[in-house]
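Heads up, the sequence shown is in our numbering, so the first residue is 1498 and it goes up one at a time.
Do not rely on the hints blindly, as some may be mistaken.
Claimed, not checked - Beta-carbon label-pair distances, calculated as ranges:
| no. | residue 1 | residue 2 | range |
| --- | --- | --- | --- |
| 1 | Gln1600 | Ile1508 | 21 to 27 Å |
| 2 | Glu1594 | Gln1564 | 22 to 28 Å |
| 3 | Gly1502 | Asp1545 | 48 to 54 Å |
| 4 | Val1503 | Asp1545 | 37 to 43 Å |
| 5 | Gly1502 | Gln1535 | 17 to 23 Å |
| 6 | His1556 | Phe1500 | 50 to 56 Å |
| 7 | Val1517 | Phe1572 | 35 to 41 Å |
| 8 | Gly1502 | Ala1529 | 37 to 43 Å |
| 9 | Met1498 | Asn1559 | 26 to 32 Å |
It should be emphasised that the hints constitute simulated quantities derived from the structure, not laboratory data.
Think of the CB as a built atom: it goes at the ideal place given N, C-alpha and C, for glycine as much as any other residue.
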Amino acid sequence: MGFLGVLAVSIMAPLAASLVQMAISRSREFEADRVGAQICGRPLWLADALAKIENAAQHIDNYPAEQNPATAHMFIINPLHVHQIDGLFSTHPSTAERIKRLQAMV
């Protein structure tokens, strides 16, 4: 394989692993929403709750989460102030997409 091959693999492998992790995390989030909507029997109630949480999160600065972004995946809504480009690398799907999928269940 040679030095360049080892170097290329050592650079590409973590990137590929991160992409897989993000895809799995997002699909699990959607699946959790689907199951939650089935359990409560009212997908629109869950969509409304997500919208309220998102609205509150946008108006409250979460300094501990900003200082330690490794904990962001533990929140219901991504607590970090997300910029457009950051959405490509986020482990959370957008709240708007989650709400859209819940509304489609009706």
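Hint check, failures only:
1, 4, 5, 7 and 9
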